[in-house]
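*Asks:* Take a look at the letters that make up each chain.
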Amino acid sequence: MSVARRPAGGARAALPARAKVDLSVRVGPLRLKNPVVAASGTFGYGTEFLPYLKLADLGGFVTKGLSMRPRRGNAPYRTCETAAGMLNAIGLANVGVEAFIAEKLPALRGHDTVVIANVFGETLDEYVAVARRLNGAAGVHALELNLSCPNTEKGGLAFGVSPPVIREVVGAVRRAAPDLPLIVKLTPNITDIAEAARAAREGGADIASLVNTFLGMAIDLRTRRPVLDNVVGGLSGPAIKPLALAMVHRVHREGGLPIIGMGGISGPEDALEFMLAGSSAVQVGTANFYDPTAGVRIVEGIEAWCRKEGVSRVADLTGTLRLPPGRGAASTSA
Amino acid sequence: MSVARRPAGGARAALPARAKVDLSVRVGPLRLKNPVVAASGTFGYGTEFLPYLKLADLGGFVTKGLSMRPRRGNAPYRTCETAAGMLNAIGLANVGVEAFIAEKLPALRGHDTVVIANVFGETLDEYVAVARRLNGAAGVHALELNLSCPNTEKGGLAFGVSPPVIREVVGAVRRAAPDLPLIVKLTPNITDIAEAARAAREGGADIASLVNTFLGMAIDLRTRRPVLDNVVGGLSGPAIKPLALAMVHRVHREGGLPIIGMGGISGPEDALEFMLAGSSAVQVGTANFYDPTAGVRIVEGIEAWCRKEGVSRVADLTGTLRLPPGRGAASTSA
Amino acid sequence: MPVDLPAPIVRHERLNPEHFLLTLEAPAIARVAKPGQFVMLQTRDGFDPLLRRPMSVARVLPGRRRIEILYKVVGRGTRYLSAQPAGACLRTLGPLGNGFRPPAKGRRPVLVAGGVGIAIFPFLADDLRRRRLRPRLLFGARRKADLVGLEFFRSRRVPIAVATEDGSAGTHGFVTRLLEPLTRPGAEPAELYVCGPTPMLRAVGALAVQAGIHCQLALESPMPCGIGVCLGCVVACTPDAQGPIYRRVCTEGPVFDAGAVVL
Amino acid sequence: MPVDLPAPIVRHERLNPEHFLLTLEAPAIARVAKPGQFVMLQTRDGFDPLLRRPMSVARVLPGRRRIEILYKVVGRGTRYLSAQPAGACLRTLGPLGNGFRPPAKGRRPVLVAGGVGIAIFPFLADDLRRRRLRPRLLFGARRKADLVGLEFFRSRRVPIAVATEDGSAGTHGFVTRLLEPLTRPGAEPAELYVCGPTPMLRAVGALAVQAGIHCQLALESPMPCGIGVCLGCVVACTPDAQGPIYRRVCTEGPVFDAGAVVL
Ligand SMILES: Cc1cc2nc3c(=O)[nH]c(=O)nc-3n(C[C@H](O)[C@H](O)[C@H](O)COP(=O)(O)OP(=O)(O)OC[C@H]3O[C@@H](n4cnc5c(N)ncnc54)[C@H](O)[C@@H]3O)c2cc1C
Ligand SMILES: Cc1cc2nc3c(=O)[nH]c(=O)nc-3n(C[C@H](O)[C@H](O)[C@H](O)COP(=O)(O)OP(=O)(O)OC[C@H]3O[C@@H](n4cnc5c(N)ncnc54)[C@H](O)[C@@H]3O)c2cc1C
Ligand SMILES: Cc1cc2nc3c(=O)[nH]c(=O)nc-3n(C[C@H](O)[C@H](O)[C@H](O)COP(=O)(O)O)c2cc1C
Ligand SMILES: Cc1cc2nc3c(=O)[nH]c(=O)nc-3n(C[C@H](O)[C@H](O)[C@H](O)COP(=O)(O)O)c2cc1C
Ligand code: FES
Ligand code: FES
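Chains as they are written, first to last, in this note's numbering: chain A, 1 to 334; chain B, 1 to 334; chain C, 1 to 263; chain D, 1 to 263.
The hints are simulated quantities; they were obtained by calculation from the structure and are not laboratory data.
No experiment lies behind these values; they were computed from the predicted model shown.
Warning: the hint list may mix true and false statements.
To be verified - Here are the computed lysine to aspartate or glutamate pairs in the EDC-like style, where the Cα-Cα straight-line distance is at most 16 angstroms: (1) K54/A / D291/A; (2) K34/D / D126/D; (3) K34/D / D127/D; (4) K154/B / D192/A; (5) K154/A / D192/B; (6) K154/B / D125/B.
Claimed, not checked - Derived Cβ-Cβ restraints for the label pairs, each shown as a range: (7) R143/D / A107/A: 34 to 44 angstroms; (8) K20/A / R134/D: 53 to 63 angstroms; (9) P85/D / Q242/C: 50 to 60 angstroms.
Idealized CB from N, CA, C, for every residue including glycine.
Same shape as in the complex, but just chain A (with noise of 0.2 angstroms):
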């Protein structure tokens, strides 16, 4: 969102039309050729894609959320259309790890791109069986632990809402997949992300992903039930995009990883606001669903932004956002 304002303090020149902008980005241990990456559970295990668009293209893509065994999720309906939003309770079904390893992977050889692994437990030895499986794996660049997931052995709560259990977790996984850079990917549903933050770092994470999706509903007023028969699901898409921001500007001031920020990004605009947030990289999810063109599109219009705005090397916009005098730590009201 642009408002009529003076314009930027240092307005630079535009690059030459022919001048070659540097997309490259390092997040963490992390190199991306280009910051935006497909996120978890909306770019299927990749091949889904490649009628629409080279997979070579893309920073990377996250693979659905990966179980020690094949998962086949929850009963319909699992979505639904909210404002500029959609929530889905799809209960993580996926084809499990083996055959991920099996099948998947071997298809995306020869698709010169970052492959991370979305892995997630019902139970702490759950995730580290996952994590060891995959830290061998051949064409695996990366893990990305989802911690929204219910914690069965704690009542169904989210892994991710307790710092301790974060701090936990994610240090079993290091020490289960020392060789894989290890993403840990927060949920927004709990008071201060950046204490989740500071958490998988004393863990041993080397990079922090957010946000995942929020805890929301919908209501079917005809027959008087939720829409879900999850009853509740996660919502995504434009709608959470202020909120995502906000969180990816408070990570980025007080949680100590580098972060690879998403919620609701559609365009190359919204790309560049999460960078001068603090975002080192991006993840584009429920924008592939309508339109499968997203990641290439964002890239694209990345690309032309920075050419036109005179900045050569996309890296360089990484929390760059100016504050007003005084308004450094980022409030925490309205």
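Given the coordinates of chain A, work out where chains B, C and D with the ligands should sit on it, guided by the hints.
*Replies:* Showing chains B, C and D with the ligands alone in chain A's frame:
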């Protein structure tokens, strides 16, 4: 939102065209002629809407948040439109409790509606002082405590994010204003809002109102600055409806207080969904901005729906959401 | 392979207060589409509604450059869509889904439509006639006004039987009443192609399974992506030892054998 | 008293690629509107965009049943608005705001427009001429193409001076250059009416205050409600001992004395 499903079990016959629907509701000690209340900060001091509706046609309205001394609020920009929502950081500008009593209250005499005074402070003492001052004031029918206000004695952290602080503030206000129904307005920027509701009940609250705005942020890519001078602001409007609905559902099941629900309500269907989820009454906020007649339109729509569905008392709808078997407790995860 | 393209609206005709016929210029889709497949259609710019809407390819026009979509206004997306003028461009993704299978040898194709479910059949009817198979149409709707597109089938001499719930046209009652003759001993062996609201699919499917008639159901489900990645559109299929099996209506369907799904 | 009504679009004319002239049937608003007032206009159905957009009443047509709105497409809302066909109905709330004050005795009204700020002046010009006051127009814009609505003022014999930033028409430079003569000693005493982008208001206001010329600025600000309740549209005014004072542009403005606001 409505989904193609088998219609409700006991689909009832419509009421005769002229049959009266009883729209009155009880919310704890509070009686309202209908369940639709205009929300704080979106309805001024009431009289601003006289060109567009009869105050007597609403269940009631909540004043702009009142502090001990007048406040001028934040510098512009104070608001920013987002996808199906808006951010605001007004900075709690208001005329102050004395001017409210001297100038605003008298103008409300003769308008047969319930006036709820919204109260905030930067310190516990300010909350208490404002509440005590209003306790006597003729024409004030209830208090609503805004706990989303930053606590200057606790480093600007909002009062409402800490259950012990909630208990303390609510208790003190309860003693300072013993004669008025006490509504405690909960912030959604917390891991478990039901815990906040229980803390409010223990402090002596009669009613929980939820939700206040979600912490969000917008960035002006052109200037590379936050849009809001306050950097962050509160998100409201249809975008947050699924989140608010889930929180109302949760507080209804585990919060132990009667509920006034709100968050993105823009039509009668939204209001009815909040009632099914457990609200005894609802508040309408942002909708007053894009439709100054929203409140009465929603009251009329609720009555029409009740007639069509054969519901003779709207109060009977509260908490009647039909849950799938075995889905009693609200899941905490998608 | 499906493609995503901006499709200009060539024609947008209002058939009656609720039903519209939309003609899109979409050569890359028209060339490869098969009967029973669908597209994911943008209804208007912006984030409201956020998601595209699944719509059957009602017909591929001669020349295979244009497709027709027949739709009913049921909510926001279709209402906004109905306001799109000719000349406007709508992102269109397709063709998607498995489509119908040809009838088994010696079986007479019988198209069974409920309401706007008729939208999926013009394409199939033309295709079957090209293969010299003589389709029949059984069309059930709430009332006479909902019987849209009949002219198309009449002009192609497709035998038609009609049922309306209010009796305003044809047999009084549900479309299932028109199926009874097919279940009688000695009736001509049929292959049913069924599209309509879920309760109707449930009823027809049950009847067919019971009578041992081949029956292909074209299912509906809310579809965020249409390409098999969100796992949101699943339908419950016959369970195995580990419990229910869920299949994606968008990629493993929308056409399923009546015996395979639990509606 | 302002009213909120569904206003049918009578006419919707594209003046050039970016500028549109909208005619609305809104008798209750047309009857009472004053120059400098505005309406809150719905741009399309649904939640995107969520809020209405403030638009000046560019003109009240003879008969006082219809109003004209002259707007420029700058973002989502105005883009969607530009797609609204004649016949469509837009919720319209107004008239709102304080409007312009008549010029002080013996002062020549000078209308100073920047870009689409011109939209506010046709109504004022007609009103001043009715009062036998002879307005002049100083019109600054980025380029020739942005000089919309000139015919209106020509047809009413309003003296016009033009400046463009790229020199494609009139004086080369900002509109402030056209103001310089007014600041010279012995110049005809003027009452400035100014509308345009904030930087232009800032420059003209400063110049006027310094030269002691009466100057009424019509401000812009994002406006969620337009009726004074959200407190979102404030402008900083001359501070007092306790610091800055904020006034609502929607109800205490949009017209402020140049000396009163800090832009
Ligand atoms: C009292 C008043 C009268 C106005 N009269 C007219 C008029 O007659 N004709 C006309 O073309 N425009 C007028 N405007 C400006 C008009 O309201 C904005 O251009 C419009 O709201 C932009 O909406 P959008 O969705 O197209 O742009 P957005 O997508 O909302 O924003 C696009 C750009 O416009 C800027 N913008 C948005 N709203 C405002 C605003 N209210 N003030 C300043 N900048 C804004 C944004 O910051 C951004 O730079 C008026 C504004 C006010 C406050
Ligand atoms: C493969 C497929 C092909 C389809 N082909 C056609 C067609 O050719 N013509 C046609 O008119 N319709 C067709 N539909 C149904 C069409 O997609 C929905 O009517 C449309 O998405 C409704 O959108 P809306 O925004 O207007 O309604 P919404 O506001 O989204 O919802 C309004 C009502 O429609 C129901 N609904 C919404 N989406 C679906 C859905 N996908 N399945 C079932 N119910 C839904 C809602 O539950 C609600 O009851 C098809 C659906 C599928 C899955
Ligand atoms: C249908 C769906 C399925 C998802 N599945 C997963 C998942 O398996 N693991 C995970 O970590 N996040 C999952 N997510 C969350 C997304 O990766 C992303 O964090 C979230 O949607 C916010 O980004 P967005 O607004 O761009 O979609 C899922 C999201 C959606 C919409
Ligand atoms: C501009 C604005 C100002 C607000 N001011 C207050 C306030 O002073 N006190 C308060 O408790 N809530 C305030 N709120 C929150 C609303 O009362 C309401 O809780 C919130 O907006 C969610 O409801 P909605 O989505 O219907 O707007 C304000 C909201 C807005 C948009
Ligand atoms: S609609 Fe996404 S998987 Fe079928
Ligand atoms: S726009 Fe809401 S107070 Fe001015």
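*Asks:* A separate judgement is required for each hint: does it hold in the structure or not?
*Replies:* Taking the hints in turn, this is what the structure says about them:
With a C-alpha separation of about 15 angstroms, the suggested pair K54/A and D291/A falls inside the 16 angstroms cut-off, and the hint holds. For the given pair, K34/D sits about 11 angstroms from D126/D by alpha-carbon distance, which is consistent with the 16 angstroms threshold. Under the criterion of a C-alpha separation no larger than 16 angstroms, the hint pairing K34/D with D127/D is consistent with the structure, at around 9 angstroms. Between the alpha carbons of K154/B and D192/A the distance comes to roughly 15 angstroms, so the proposed pair stays at or under 16 angstroms and holds.
At roughly 15 angstroms between alpha-carbon atoms, K154/A and D192/B fall within 16 angstroms of each other, so this suggested pair holds. For the suggested pair K154/B and D125/B, the alpha carbons sit about 14 angstroms apart, so the restraint of at most 16 angstroms is met. For the pair R143/D and A107/A, the supplied restraint of 34 to 44 angstroms is violated, since their beta-carbon distance comes to about 54 angstroms. Taking the beta carbon of each, K20/A and R134/D are about 60 angstroms apart, inside 53 to 63 angstroms as hinted.
Range check, P85/D to Q242/C: about 56 angstroms between beta-carbon atoms, so the 50 to 60 angstroms window is met.
When the structure is compared with the earlier hints, a violation turns up for hint 7 alone.
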